[in-house]
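**Q** In case you want the letters, here they are:
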Amino acid sequence: MSAVKNTRKLHQWLMLFIGTQFVIWSVTGAYMVFFDIDYIHGDSLVINHQTKINPDNIQYSLSSLQQRYPKAERVTLSTFINKEVYHFSVENKKYLVSARNGKLLSPLDENLAIEAAKHYYSGNGTVVDVELFIENPPFELSSRHLPAWRVNFDDIGAPAIYVSEQSGLLVGKRHEFWRLFDWMFRFHVMDYQDSEIENNLLFWFALFGIIASISGVVLVYFRVFKRNKKAVRFKFVNKSGIA
Amino acid sequence: MQWVRKIHKWASVVVGIQFLLWLLSGLYFNLMDHTKASGRTYFSHNNQMINIDKNRLLEPKDVLTKFKPSISITQIYLLTEPYYVLTHKKGLYQDFENDYSLVNAYTGDLIEIDEQFAEKLAKQSYNGPSDVRSITLLQPPLTDIPKQKNATWQVNFVNDINTSVYIEVGTGRLVGYSDDNKRFADIFFMLHFMDYGNEGSFNNIQIILFAFFTLWLSLTGLIWTIELGIRGQYKIKRFQRK
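Line by line, the protein sequences are chains A and B. Numbering-wise, the numbering used here puts 622 at position 196 of the first sequence, and it's gapless, one number per residue. Numbering-wise, the numbering used here puts 435 at position 227 of the second sequence, and it's gapless, one number per residue.
Just chain A, same shape as in the assembly (with noise of 0.2 Å):
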């Protein structure tokens, strides 16, 4: 009995050191579980629209783009807010151009960007506010989509759609699901130094649960299976009437 007594000692005095970790664990990894990723991605804040470009609607060809922007790089023509256009590339930095009459639409102005993130955006709420980041993104945007425009609807998860300044495109979808799971990520792999998930606190907690664990599994081996071995053969003693 005295090897389950120290098992039990060996599991009380860890867990009361580690054991708040287990239950930041279990929190954080059943919120990430629990909410569909793809939701929390923001897919469901978006229409994904399958718009077709009308190929009579195509006034100004590529040949007269080349000869306006001889460097374009990746041409793509398509549709913003459901009008041909063409987006391409010249070093850096990305363009937007009618394709109907070849008037330049980039860099957005605030009212186009609005425009655009209603396009993008599926749910019913109404524009906030917008803003327009140069430099410096929030933790929710990477630098790489910069410079974008923010703009924010009065909805469930106070959602905000990012439209390229540029390009004219989607490049963020976020909600209050996507930042609390961000925050939760960082709880569960300990990432509390904003390094990664190679970090050493992470590294001696996961040490020490193993052996917490292991010691868990033990006590549940004796005082959940080998113990109801006992309780029959005690019940066995008592039917004789000796105990």
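It is worth saying that the hints were derived from the structure and are not from the lab. The beta carbon of each residue, even a glycine, is placed where N, CA and C say it ideally should be. There could be a bad hint or two in this list.
[What the hints assert, rightly or not] Keeping only pairs whose Cα atoms sit at most 25 Å apart, straight-line, the calculated PhoX-like set for lysine-lysine is:
1. A:Lys652 - B:Lys214
2. A:Lys478 - B:Lys269
3. A:Lys544 - B:Lys297
[What the hints assert, rightly or not] Some, not all, of what chain A presents toward chain B, calculated at C-beta under 7 Å:
4. Val449
5. Ile484
6. Gly642
7. Val644
Fit chain B to the given chain A structure using the hints.
**A** This is chain B only, laid out in the frame that chain A set:
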């Protein structure tokens, strides 16, 4: 407080072994070589300079009219030639289901990425020993890359870690790399996410149930620990009076 102990005991009966697997796989993620586990040991960026004759490019308008309606037409390069990708059905992400036509941008001919083309494309970004063992056309789901939902060529190289390079049939796009190091790491991801059906997701029903029981396990453990503390059970023997 009897119910706290009961819940703690029975919750640990249910999740005990998985709990250990979570910790062991978690520790593995903490210690693993992330470069190796990415499967990109023999990957190098292909920075080949391509000189195309822009005057020979067909007008997108003329290409569009020859095919079924398109959402977009994009100029890309495969090997050293320019192509147009026409998107007829657009997934929210590249890996989601899409429908494309690939067209030679000089001639307007419809192109199919066949075995030989896929092999050349795979070799372009691959910098290991160049012998190819086999090339297989895979339909989703792909064991190595479950999130990819489009038909993909698997180009298998002969090397010490069995690298596979994945090329999308519809566009010639490099979908990803995999090798034995990544496949080994994937076992731990499967264990951690309880993704025993290889859906490439951690939103499966078994992990949702286990996460629910684990919540009860850890919260009752917390209450129990506090209770032990209040009852004065945490004493160090040396300081205790005999």
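**Q** All the hints need checking, so say for each whether the structure fits it.
**A** Going down the list of hints, with the structure as the test:
1. Using a Cα cut-off of 25 Å, the hinted pair Lys652 of chain A and Lys214 of chain B holds, with the two alpha carbons roughly 16 Å apart.
2. Note on Lys478 of chain A and Lys269 of chain B: the hinted pairing holds, with a Cα-Cα distance of about 13 Å set against a maximum of 25 Å.
3. With a CA separation close to 22 Å, the supplied pair Lys544 of chain A and Lys297 of chain B stays within the 25 Å bound.
4. With a least beta-carbon distance of about 5 Å to chain B, the hint placing Val449 of chain A at the interface is held under the 7 Å criterion.
5. At about 4 Å, the closest approach between the beta carbon of Ile484 of chain A and any beta carbon in chain B falls short of 7 Å, and the interface hint on this residue holds.
6. With a least beta-carbon distance of about 6 Å to chain B, the hint placing Gly642 of chain A at the interface is held under the 7 Å criterion.
7. With a least beta-carbon distance of about 10 Å to chain B, the hint placing Val644 of chain A at the interface is violated under the 7 Å criterion.
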